[in-house]
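Engineer: Spelled out, the chains give:
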Amino acid sequence: MTVPNLKQTAKPVKPKTNWSRMDEADNFAKTVKLFRQGKYDEDSFRRFRLQHGAYGTRMTSDYAMVRIKLPAGEIYPHQFEKISQLSEQYSIGNAHFTTRESIQLHWVILEDVSEILRSLAEVGMTSREACGNTVRNVMCSPLAGVCPDEAFDSTPYALATAKFFLRNPMTQALPRKFKFTFTCCEKHGMARIVDVGLIPQTREIDGETQRGFKIFLGGGLGNKSFVGHQLEEFTPEDDLLYTSMAVIRLFDRLGDRTNLARNRLRYLVNEMGWEKFQNLVLKERAVVRATQSVITRLKVDTIPNEVRQPIRISDESGESTPDGYARWLKTNTVKQKQSSYHSVFITLEAGDITSNQLTAIADIIQDFSAEGKARTGFNQNVALRFVHEDDLVKIYSRLLRVGLAKSGALTMTAPIGCSGTTSCNLALTNSHRLAKEIQRKFLDLKLDEDGDLSGSSIKISGCPNACGQHSIATIGFFGGGARVGKDMYPNYQMSLGGRSDGSAMLGEICLRVPAKRVIPVILKIIELFKEHKKSDDTLQSWIHRVVNGNEDSQIKSLNDIKKVLEPLTIPPTKEDDPDFYLDYGSDTSYHTKTGKGECAA
Amino acid sequence: MCCLSGTVKITTDVDSLRSEIRDKSVRVIDVRREADYKQDHITSAVNLPLATLLSDDSPERVLKLVNSMGIDDETRVVVYDDTFGALASRVAWTLEYLGHSDVSLLETTYGNWKSLGLENDSQIPNFQSKEHSMKLQSNILATSDYLESAKTRDDVILIDNRERLNFLEQHIPGAISLPYRTLASDGKILRPKEDMKRLLENRGVTENSEIITYCGSVGTLSGLAYYALKSAGLSNAKLYVRSFKEWKNLQKPTEKQEDASYWDLSAE
Ligand code: HEM
Ligand code: SF4
Chain Z
1 MTVPNLKQTA
11 KPVKPKTNWS
21 RMDEADNFAK
31 TVKLFRQGKY
41 DEDSFRRFRL
51 QHGAYGTRMT
61 SDYAMVRIKL
71 PAGEIYPHQF
81 EKISQLSEQY
91 SIGNAHFTTR
101 ESIQLHWVIL
111 EDVSEILRSL
121 AEVGMTSREA
131 CGNTVRNVMC
141 SPLAGVCPDE
151 AFDSTPYALA
161 TAKFFLRNPM
171 TQALPRKFKF
181 TFTCCEKHGM
191 ARIVDVGLIP
201 QTREIDGETQ
211 RGFKIFLGGG
221 LGNKSFVGHQ
231 LEEFTPEDDL
241 LYTSMAVIRL
251 FDRLGDRTNL
261 ARNRLRYLVN
271 EMGWEKFQNL
281 VLKERAVVRA
291 TQSVITRLKV
301 DTIPNEVRQP
311 IRISDESGES
321 TPDGYARWLK
331 TNTVKQKQSS
341 YHSVFITLEA
351 GDITSNQLTA
361 IADIIQDFSA
371 EGKARTGFNQ
381 NVALRFVHED
391 DLVKIYSRLL
401 RVGLAKSGAL
411 TMTAPIGCSG
421 TTSCNLALTN
431 SHRLAKEIQR
441 KFLDLKLDED
451 GDLSGSSIKI
461 SGCPNACGQH
471 SIATIGFFGG
481 GARVGKDMYP
491 NYQMSLGGRS
501 DGSAMLGEIC
511 LRVPAKRVIP
521 VILKIIELFK
531 EHKKSDDTLQ
541 SWIHRVVNGN
551 EDSQIKSLND
561 IKKVLEPLTI
571 PPTKEDDPDF
581 YLDYGSDTSY
591 HTKTGKGECA
601 A
Chain V
1001 MCCLSGTVKI
1011 TTDVDSLRSE
1021 IRDKSVRVID
1031 VRREADYKQD
1041 HITSAVNLPL
1051 ATLLSDDSPE
1061 RVLKLVNSMG
1071 IDDETRVVVY
1081 DDTFGALASR
1091 VAWTLEYLGH
1101 SDVSLLETTY
1111 GNWKSLGLEN
1121 DSQIPNFQSK
1131 EHSMKLQSNI
1141 LATSDYLESA
1151 KTRDDVILID
1161 NRERLNFLEQ
1171 HIPGAISLPY
1181 RTLASDGKIL
1191 RPKEDMKRLL
1201 ENRGVTENSE
1211 IITYCGSVGT
1221 LSGLAYYALK
1231 SAGLSNAKLY
1241 VRSFKEWKNL
1251 QKPTEKQEDA
1261 SYWDLSAE
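Quick note, the sequences are listed as chains Z and V, same order. By the count of our numbering, the first sequence reaches residue 601 at its end, each step adding exactly one. By the count of our numbering, the second sequence reaches residue 1268 at its end, each step adding exactly one.
Hints in this document: simulated from the structure, not taken from any laboratory. Accuracy of the hints is not assured; some may be wrong.
Unchecked claim - In silico lysine-lysine, DSS-like type, Cα no more than 27 Å apart, as pairs:
hint	chain 1	residue 1	chain 2	residue 2
1	V	Lys1188	Z	Lys11
2	Z	Lys596	V	Lys1256
3	Z	Lys11	Z	Lys394
4	V	Lys1151	Z	Lys33
5	V	Lys1256	Z	Lys436
6	Z	Lys446	Z	Lys524
7	Z	Lys224	Z	Lys276
8	Z	Lys534	Z	Lys563
9	Z	Lys556	Z	Lys533
10	V	Lys1038	V	Lys1064
11	Z	Lys562	Z	Lys441
12	Z	Lys30	V	Lys1230
13	V	Lys1230	V	Lys1193
14	Z	Lys179	Z	Lys283
15	Z	Lys33	V	Lys1230
16	V	Lys1256	Z	Lys33
17	Z	Lys179	Z	Lys163
18	V	Lys1038	V	Lys1188
19	V	Lys1130	V	Lys1064
20	Z	Lys446	Z	Lys335
21	V	Lys1193	Z	Lys30
22	Z	Lys524	Z	Lys441
23	Z	Lys574	Z	Lys563
24	V	Lys1197	Z	Lys39
25	V	Lys1230	V	Lys1197
26	V	Lys1038	V	Lys1114
27	V	Lys1193	Z	Lys33
28	Z	Lys593	V	Lys1256
29	Z	Lys330	Z	Lys436
30	Z	Lys30	V	Lys1197
31	Z	Lys14	V	Lys1188
32	V	Lys1151	V	Lys1248
33	Z	Lys163	Z	Lys14
34	Z	Lys16	Z	Lys179
35	Z	Lys394	Z	Lys330
36	Z	Lys446	Z	Lys562
37	Z	Lys441	Z	Lys574
38	Z	Lys524	Z	Lys574
39	Z	Lys530	Z	Lys330
40	Z	Lys33	V	Lys1197
The structure presented is a predicted model; accordingly, all values stated were derived computationally and were not measured.
Throw the hints in and build the complete structure from the sequences for me.
Structural biologist: The structure is reproduced here in C-alpha cells:
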C-alpha cells in the first residue's frame, strides 16, 4: 500500500520570476556544434559563450565554468536541489558560491553546457549575462528586508532592475562588464566599490515619506581599484531607472572599446574627472526622462512576501544543546529587525559546497525558514533568514549533521579566495586553497571568538585582477611568483586597511609574503595589534589608524609593520625547506603558467 | 521469442513486471546482498548478490549459476538492485555475454518499488534448475588488448563513467568523460530515450561509432552506461569489464589534466 509521507511541511514558496528561456539552451547546443566544425570564429564564439554565462577553464578548451546568476541572491529549495543534481551530472560533485551572489559549476564539458541551461530553465534560473560585457548579476545585501539599520527593503528594486536589463538590447554589447549592487545600510555596504552602488534612504516631503537612494558611481575592484562617488544627495525612487539608464548609455557611448584593460566605467570617470561625469549623468538623465515615449518604469513588486508559520517538526525536547552551539550562534547569526527572527549564515570553505550539502540545505530551508527561500551573501556564503529563535538549536543540529555548522561565517576566519589555479586561466597561485588553509588554522585557534577581530576580513586573489576582492580587505593578498636563483616559489602581495563600508578605502600595499608564510605573518600582525591596541580597538580600527598615519604607539606606519614582518618572509634554501617552494595543493615544483584570460572578452 | 532480433526492452516498467510476475512468465533476479534479500524482495525474485557473481565470473561458473536459478535460453529475465541500476546492469550484461538475450533491467530501484507499496515478501521461491546453452557474445566484451588496438581507430569512442574529479586526475588516453550520474533521470535508472540521444549527440557519440565504456573497477557504472547507450539506439557498444583497475595494474599509459588544482574546489 502507498504510505503517505507524514512529515508536515509548509507549502513550498515558489519564485515570482522566471529568469530563463528554454530556446537559449537549444541555440547554445547548435552554436557549439558550429564552432567545433569551424563554422564560427573563436572571437564571436567566445562572446556568445560568455553572454550565456560560460567561462573558459584553465589550460584547456574542453571545459567551461557555468555561472548561474541569482538576482538579489534569491534562491529557492527546488533550485538548490537542481543545482545539486547538475553538480553531480556535469561538474565535479561540488558547486561554488561566489562573491557576487552567483553559483558556479566548474569543469563542465563545453558540449554539456546546453544541458545545464535546459535544466536551469526547468526551475526558472539562468546563466544569461552572468559573464561578458553586459549587466552582470544585480546584487542585493543578504540582509535587505531584515537589517535593523535599513531605511526600507531594497530587494524589490534590485529584482526589478535585474528584470529590466536582462536581455535588454541596450546592454548586449557594452564596452565592458557592468555591475549593480543594492545594499541595506552603510555598515553592511559594498555600495562604493561597484559601477553603480545603491543604499536605500528616505526623506520627508510635505509630511509624506519619500523613498529614494544614495547612488554611488564609478567604483570597482581590479588591477586598479577605485572608490565610487555619490551622484547627489537624494535620488528619488522614480528616478532610479532613469539614472541607471543614463549611466549605461553614457558608458556605452563614451567607454573605451579599444583598450581592454582600461575600459570599465571607473576608468572613464577617473579620466574625465568626477564633476564632469556627474554633470553628464544628470544631463543624460534629463534626456532619458524626456524621450521615453511611454513612461518606462521599473516594475517594483513591493507586496510583502508571505512569512509562513515556522514549522515545528516533532519537538525533540529533552535533547541537549550540541557542543559548539554558543560559538556558532555568536559568529554565524544576526538578529533581524523582525522580533524573534534570526538570519543564519552558513560557513563554507571559500564558497565550496558538495552536492549532498546542497540537497540538505533545500530541506533545511523548508523546515526552518519562514520565508521559504535563501539568500546568497557577499562572502562566498549563503544565509537562511526568518529562522525563529526557538528553532536555532534545532537548525544548528541539522547543519551539524551535514557538515555545515562550522563557526565563524561572519568573522575574519572565513576568508575569501578566488578560484586561483583550481580553474582560472590567469591564476598565478592557489588562492582558493590558501583561503581554506587559513580558515582551518584560525578556527583551530578559535580566532572567530575573539571580539577584537570582529569586523576585520581576509581576502585573497590569485593574481592582481582582484576577483577575490583583496583591495577591500583588512588584510588582503594577491598572488604572483618569486624566485631564488632558478627556483620559483608562490608569493603574495599583502595590503592592509581596505574596507567597503561608509569609510570605504582601498588597502595599502605593505609587503610581499611567500605563500607558505602567509599564516605566520597574519598571526604576527594580530600579535602586534594585541600589543599596541587601545582598550576599545578592533584589528580593523587599529590598522585603519596606522594606515592613515594617526597612530601614536611604537608602530606608527605601514613601514613599521613591514619592518617587524620582514624577517618572516626571507626564503629558506630549498634544501632546508623544500615545502616552501611548493604551492598549497601541489606536490610538484612551482612555476607560473597562464592562459588566455577572458575578463575583458 | 527470438533472441537476437533486438526487440528486447532495455528497461521494463513497473506495471509490465507486475503482470509478468502474476503470469509467472519471468525470472526476477535481485542482486542485492543476501541479508537485504532475505529481509524482503520483489515477490518471486531469486537472489544473486553481485559479489557472488564477481568472486568468479568465468563463463563456466556463470553457466552453473544461471542453471541453478532455473533459467534456460527461453526464460525472460528482469534484474534489479538498489544502487541506481549499476549492479543490476553488470549482472544483466553477464547474462547477455553468456548468450542470453531476453534480459531487461527494472526501470527503477528496489527502494522506489517498495516506497510505491508494490508486491514484496521474504519468501524464497522454489524452482527446478534448468539447462542453458553457452554462446559467448564476444562482440559486447572489450579486453585490455582489444581496447588498446581499437583505441587507435577513428570510429571508436571510449567513455569513462567515473566521477569528473577522478577522470581529471587520471584516465585512459583519449577517453571522454560521462559520469554515471548523467545517465539517470528523476526516479528512473535511465533517462528518457530522446534526452539520452540529445546528450550523446551533443557529445559526438553517434551510431556511426563503436563505443567502449569503462569505470573504476568491475564494470558496474560502465555497465549502466552500456545499457544507456543501447536505450538510445547505439547498439554497437562494448563493456571494458575489468575497467581502469586492470588498466592501471597492467601499467598501461594514462593521461591527466595538467596544471590545475581542481581537487581544491571540492568541499570536505
Ligand atoms: C582581467 C581579468 C579579470 C578581472 C579584472 C576580474 C575582476 C573581477 C572582480 C573585481 C571580481 C570581484 C567581484 C566584485 O566585482 O566585487 C571578480 C569576481 C570573480 N571573477 Fe573575475 N576578473 C577577471 C577575470 C576572471 C577570470 C578569467 C575568471 C575565471 C574564469 C574569473 C572568475 C571570477 C570569479 C569566480 C569571481 C567571483 C569570486 C569568487 O567568489 O570565486 N575572473 N572578478
Ligand atoms: S583574481 Fe586572478 S586568479 Fe583569481 S579568479 Fe580573478 S583572474 Fe583568476
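Engineer: Take the hints in turn and mark each one as holding or not.
Structural biologist: Tested hints:
no.: 1; hint: Lys1188/V with Lys11/Z; in the structure: holds (26 Å)
no.: 2; hint: Lys596/Z with Lys1256/V; in the structure: holds (21 Å)
no.: 3; hint: Lys11/Z with Lys394/Z; in the structure: holds (20 Å)
no.: 4; hint: Lys1151/V with Lys33/Z; in the structure: holds (24 Å)
no.: 5; hint: Lys1256/V with Lys436/Z; in the structure: holds (25 Å)
no.: 6; hint: Lys446/Z with Lys524/Z; in the structure: holds (16 Å)
no.: 7; hint: Lys224/Z with Lys276/Z; in the structure: holds (21 Å)
no.: 8; hint: Lys534/Z with Lys563/Z; in the structure: holds (21 Å)
no.: 9; hint: Lys556/Z with Lys533/Z; in the structure: holds (12 Å)
no.: 10; hint: Lys1038/V with Lys1064/V; in the structure: holds (22 Å)
no.: 11; hint: Lys562/Z with Lys441/Z; in the structure: holds (23 Å)
no.: 12; hint: Lys30/Z with Lys1230/V; in the structure: holds (24 Å)
no.: 13; hint: Lys1230/V with Lys1193/V; in the structure: holds (10 Å)
no.: 14; hint: Lys179/Z with Lys283/Z; in the structure: holds (22 Å)
no.: 15; hint: Lys33/Z with Lys1230/V; in the structure: holds (24 Å)
no.: 16; hint: Lys1256/V with Lys33/Z; in the structure: holds (25 Å)
no.: 17; hint: Lys179/Z with Lys163/Z; in the structure: holds (14 Å)
no.: 18; hint: Lys1038/V with Lys1188/V; in the structure: holds (25 Å)
no.: 19; hint: Lys1130/V with Lys1064/V; in the structure: holds (9 Å)
no.: 20; hint: Lys446/Z with Lys335/Z; in the structure: holds (22 Å)
no.: 21; hint: Lys1193/V with Lys30/Z; in the structure: holds (20 Å)
no.: 22; hint: Lys524/Z with Lys441/Z; in the structure: holds (14 Å)
no.: 23; hint: Lys574/Z with Lys563/Z; in the structure: holds (24 Å)
no.: 24; hint: Lys1197/V with Lys39/Z; in the structure: holds (23 Å)
no.: 25; hint: Lys1230/V with Lys1197/V; in the structure: holds (10 Å)
no.: 26; hint: Lys1038/V with Lys1114/V; in the structure: holds (15 Å)
no.: 27; hint: Lys1193/V with Lys33/Z; in the structure: holds (21 Å)
no.: 28; hint: Lys593/Z with Lys1256/V; in the structure: holds (17 Å)
no.: 29; hint: Lys330/Z with Lys436/Z; in the structure: holds (21 Å)
no.: 30; hint: Lys30/Z with Lys1197/V; in the structure: holds (15 Å)
no.: 31; hint: Lys14/Z with Lys1188/V; in the structure: holds (25 Å)
no.: 32; hint: Lys1151/V with Lys1248/V; in the structure: holds (16 Å)
no.: 33; hint: Lys163/Z with Lys14/Z; in the structure: holds (17 Å)
no.: 34; hint: Lys16/Z with Lys179/Z; in the structure: holds (23 Å)
no.: 35; hint: Lys394/Z with Lys330/Z; in the structure: holds (16 Å)
no.: 36; hint: Lys446/Z with Lys562/Z; in the structure: holds (26 Å)
no.: 37; hint: Lys441/Z with Lys574/Z; in the structure: holds (25 Å)
no.: 38; hint: Lys524/Z with Lys574/Z; in the structure: holds (24 Å)
no.: 39; hint: Lys530/Z with Lys330/Z; in the structure: holds (22 Å)
no.: 40; hint: Lys33/Z with Lys1197/V; in the structure: holds (15 Å)
Checked against the numbered hints given earlier, this structure breaks none of them.
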